[in-house]
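Enquirer: So the protein sequences, as listed, match chains A and B. The first sequence begins at 1 in my numbering and counts up by one. The second sequence begins at 155 in my numbering and counts up by one.
Worth flagging that the hints you see were computed from the coordinates, not collected in a lab. Small disclaimer: the values here were computed from a predicted structure and weren't measured. Do not rely on the hints blindly, as some may be mistaken.
[Unchecked claim] Straight-line C-alpha distance at most 25 Å; calculated DMTMM-like pairs for lysine to aspartate or glutamate:
1. B/LYS262 <-> B/GLU499
2. B/LYS233 <-> B/GLU210
3. A/LYS149 <-> B/GLU210
4. A/LYS90 <-> B/GLU191
5. A/LYS21 <-> A/ASP36
6. B/LYS229 <-> B/GLU522
7. B/LYS371 <-> B/GLU393
8. B/LYS349 <-> B/GLU368
9. B/LYS428 <-> A/ASP71
10. A/LYS67 <-> B/ASP358
11. B/LYS371 <-> B/GLU210
12. B/LYS262 <-> B/ASP332
13. A/LYS67 <-> B/GLU191
14. A/LYS134 <-> B/ASP520
15. B/LYS382 <-> A/GLU114
16. A/LYS67 <-> A/GLU135
17. B/LYS291 <-> B/GLU393
18. A/LYS44 <-> B/ASP425
19. A/LYS90 <-> B/GLU319
20. A/LYS21 <-> A/GLU107
21. B/LYS257 <-> A/GLU107
22. A/LYS134 <-> B/GLU522
23. B/LYS291 <-> B/ASP332
24. A/LYS90 <-> B/ASP302
25. A/LYS21 <-> B/GLU499
26. A/LYS90 <-> B/ASP505
27. A/LYS90 <-> A/ASP61
28. B/LYS382 <-> A/GLU138
29. A/LYS67 <-> B/GLU393
30. A/LYS134 <-> A/GLU114
31. A/LYS90 <-> B/ASP503
32. B/LYS388 <-> A/ASP71
[Said to hold, decoys possible] Below, a sample of chain A positions facing chain B; criterion: calculated Cβ distance under 8 Å:
33. TYR28
34. LEU37
35. GLY39
36. LYS67
37. GLY72
38. LEU111
39. LEU118
From the three backbone atoms N, C-alpha and C, an ideal C-beta is built for every residue, glycine too.
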Amino acid sequence: MKVEEERMKNERETEGVFEPKIVGFLCYWCSYTAADLAGVSRMKYPPNLRVMRVMCSSRVDPVFIIKALLDGADGVLVAGCHPGDCHYQKGNYYARRKIALTKRLLESLGLEPERVRLSWIAASEGPRFAEVAKEFTERIRQLGPNPAKGALFL
Amino acid sequence: MNVFVTKGEGRGNLVFRALLKGLMEKDVVKVALVCAEDPTGNSFVHVLTGDTSVVESSWPVPPVMPVQGARVVSKITRKGPVELPTAVVLRPCELRAMRELVKLNQVKLDGLLTISFDCPGVYPLQQYLSGDRSFMKASIDEAFGHFDLSGTRPLCQICHRFTGELADVEVGFLGAPDEGHYLIGHTRRGEEALKALGYQEEVDLERRVDAVQEVIKQRIEAREGYFKGEFGPKVVGVEALLTTLHVCINCHNCMRVCPICFCRECFFDSDALKVLPGNYLVRAERKGALRFLPDTLLFHLGRMNHMSTSCVSCGTCEDACPNDVPVSRLFAMVADKTQAIFDYEPGQDLDRPIPFIDYQDEELHDYEEPYIESTTHRPSSS
Ligand code: SF4
Ligand code: SF4
Ligand code: FES
Chain A
1 MKVEEERMKN
11 ERETEGVFEP
21 KIVGFLCYWC
31 SYTAADLAGV
41 SRMKYPPNLR
51 VMRVMCSSRV
61 DPVFIIKALL
71 DGADGVLVAG
81 CHPGDCHYQK
91 GNYYARRKIA
101 LTKRLLESLG
111 LEPERVRLSW
121 IAASEGPRFA
131 EVAKEFTERI
141 RQLGPNPAKG
151 ALFL
Chain B
155 MNVFVTKGEG
165 RGNLVFRALL
175 KGLMEKDVVK
185 VALVCAEDPT
195 GNSFVHVLTG
205 DTSVVESSWP
215 VPPVMPVQGA
225 RVVSKITRKG
235 PVELPTAVVL
245 RPCELRAMRE
255 LVKLNQVKLD
265 GLLTISFDCP
275 GVYPLQQYLS
285 GDRSFMKASI
295 DEAFGHFDLS
305 GTRPLCQICH
315 RFTGELADVE
325 VGFLGAPDEG
335 HYLIGHTRRG
345 EEALKALGYQ
355 EEVDLERRVD
365 AVQEVIKQRI
375 EAREGYFKGE
385 FGPKVVGVEA
395 LLTTLHVCIN
405 CHNCMRVCPI
415 CFCRECFFDS
425 DALKVLPGNY
435 LVRAERKGAL
445 RFLPDTLLFH
455 LGRMNHMSTS
465 CVSCGTCEDA
475 CPNDVPVSRL
485 FAMVADKTQA
495 IFDYEPGQDL
505 DRPIPFIDYQ
515 DEELHDYEEP
525 YIESTTHRPS
535 SS
């Protein structure tokens, strides 16, 4: 049965072969291009990141992050242009406030703020993108599976 | 800010009735927005009235808070300022929420004379409706100037912003000698109103300042203790949080009565969360089973994200919850933390924008990644 299989897979994963699922919201103007660059330059980075392209880091409503975390993601990466470089001037400053608030909120409820990460990655920084993806995946691997994903009555 | 301090006699609701009546008779205001007991004697409602006899029998400070006053003021002034000068009596949390709504362009202050006071707290609404109402009415009236009223809502008991210092006219009971009260005009409008009533003598506030500070200190300690000790363990961690929220029926009452939830259409009622059946099935398969109605935890965490920086800890949401979810305590606990990162106090400073539409170039670096040195990047600005 499909449901049963899925559950067994989850259990297998908790028994050591845990592959984190990470959702990455990447800004079109910078980090998304960097991810592309990393790809075409054949830089190695873990395949755990599922990329969502957004037009600016400020487009990421914290609700998206929480929804991802409650619905099966083990980590969420939000990446945008460096402060001062946002295509829309101020977007990433607002994004930083939203992410800070999200992390503080998760922290205040004991919900592992480390599962959310904000990074600034410029379009030219392919290697840096690969580095961030690798580092974050490792971090989440150490943290283990997100406890919210197994909670049935969410 | 001008401050004019004088003193008056008496405590309890009669002080406010006399104040409002005086203001109307001296034509300082034409209209009052005030609470009155509804004819059945079961509860209280706000009334807008130009009739001094209605004011004489009003209950400016009722023992419960059925509708958050900020919502009422917003209802009246959303489309424009009041046309006649209007006095409005608000509890400190209502006043803060109202000022927060001024920033959001949902309340117009012009023409309003706000009056607030040392709030003794309110009883839980359900308890009032089913309990000994005359006892509760009498105890509220006697509670002014003391801060030991028992049986009030848990959030009221740990409220440390209980004074009316943000109003045009503050009625202060704490520290006032001879069972009297202080009248403090915090704005020019407030000062002029008091002078029009014939108050000329200025008194100093020394006794009050110390008394207020003392209660604030106790309350802050109690608040921290409660959130850390008694309440925290009930909501911190996935399991605890789910256990506390499991009785939530996702009715969204808490959002609808909240003075701060001002959006015309709530995201959580919108099409954004309406999906095809297949989507639910996928989620159910992934988890093993999916709870319905879905997205209950998302609703609460999402709402906290959207509005906790403006939450005034008024407790209205908890009064409205049909299932006794301690929702206002949950929100207030989180709000204390989220407001702290921006050093923001809702309703405090009208010139300070809400945190979501404001930023500093250099701030919050702790929330950025553990920084990896940039390899190629040079910031283009500066
Ligand atoms: S969330 Fe609850 S306590 Fe906070 S402002 Fe809204 S109604 Fe008041
Ligand atoms: S917390 Fe209470 S009022 Fe809010 S949605 Fe749940 S049941 Fe309704
Ligand atoms: S455009 Fe990239 S963060 Fe705003």
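Enquirer: State for each hint whether it applies.
Expert: Evaluated hints:
1. B/LYS262 <-> B/GLU499: Holds - the C-alpha atoms of B/GLU499 and B/LYS262 are around 20 Å apart, at most 25 Å.
2. B/LYS233 <-> B/GLU210: 30 Å, violated
3. A/LYS149 <-> B/GLU210: 59 Å, violated
4. A/LYS90 <-> B/GLU191: Roughly 50 Å separates the two Cα atoms, so the pair is violated.
5. A/LYS21 <-> A/ASP36: Holds, at roughly 20 Å.
6. B/LYS229 <-> B/GLU522: 40 Å, violated
7. B/LYS371 <-> B/GLU393: It is violated: about 33 Å lies between the C-alpha atoms, which goes past 25 Å.
8. B/LYS349 <-> B/GLU368: 30 Å, violated
9. B/LYS428 <-> A/ASP71: Holds. B/LYS428 to A/ASP71 sits at ~15 Å (cutoff 25 Å).
10. A/LYS67 <-> B/ASP358: 55 Å, violated
11. B/LYS371 <-> B/GLU210: Distance ~36 Å between B/LYS371 and B/GLU210 Cα, so the pair is violated.
12. B/LYS262 <-> B/ASP332: Outside the cut-off at roughly 38 Å; violated.
13. A/LYS67 <-> B/GLU191: Violated. A/LYS67 to B/GLU191 sits at ~44 Å, over the 25 Å cutoff.
14. A/LYS134 <-> B/ASP520: Given pair A/LYS134, B/ASP520 holds - Cα atoms ~21 Å apart, limit 25 Å.
15. B/LYS382 <-> A/GLU114: This hinted pair holds, its Cα atoms lying about 21 Å apart.
16. A/LYS67 <-> A/GLU135: 23 Å, holds
17. B/LYS291 <-> B/GLU393: Violated: B/LYS291 and B/GLU393 sit about 40 Å apart, past 25 Å.
18. A/LYS44 <-> B/ASP425: 39 Å, violated
19. A/LYS90 <-> B/GLU319: Violated: A/LYS90 and B/GLU319 sit about 35 Å apart, past 25 Å.
20. A/LYS21 <-> A/GLU107: 21 Å, holds
21. B/LYS257 <-> A/GLU107: Roughly 28 Å between the alpha carbons, so the hint for B/LYS257 and A/GLU107 is violated.
22. A/LYS134 <-> B/GLU522: Roughly 17 Å between the alpha carbons, so the hint for A/LYS134 and B/GLU522 holds.
23. B/LYS291 <-> B/ASP332: 23 Å, holds
24. A/LYS90 <-> B/ASP302: 49 Å, violated
25. A/LYS21 <-> B/GLU499: Not OK: A/LYS21 and B/GLU499 at ~37 Å, beyond 25 Å, violated.
26. A/LYS90 <-> B/ASP505: With a Cα-Cα distance of about 20 Å, the restraint between A/LYS90 and B/ASP505 holds, given a limit of 25 Å.
27. A/LYS90 <-> A/ASP61: 15 Å, holds
28. B/LYS382 <-> A/GLU138: Outside the cut-off at roughly 32 Å; violated.
29. A/LYS67 <-> B/GLU393: 17 Å, holds
30. A/LYS134 <-> A/GLU114: With a Cα-Cα distance of about 15 Å, the restraint between A/LYS134 and A/GLU114 holds, given a limit of 25 Å.
31. A/LYS90 <-> B/ASP503: Measuring from Cα to Cα gives roughly 23 Å; hence the hint holds.
32. B/LYS388 <-> A/ASP71: 23 Å, holds
33. TYR28: This hint is violated: A/TYR28 lies away from chain B, its Cβ roughly 17 Å from the closest one there, beyond 8 Å.
34. LEU37: 10 Å, violated
35. GLY39: 17 Å, violated
36. LYS67: 6 Å, holds
37. GLY72: A/GLY72 check passes; min Cβ-Cβ to chain B is 5 Å, inside 8 Å.
38. LEU111: Since the shortest Cβ distance to chain B is 7 Å, the answer is holds.
39. LEU118: 6 Å, holds
Hint compliance for this structure: hints 2, 3, 4, 6, 7, 8, 10, 11, 12, 13, 17, 18, 19, 21, 24, 25, 28, 33, 34 and 35 are not met, and every other hint is.
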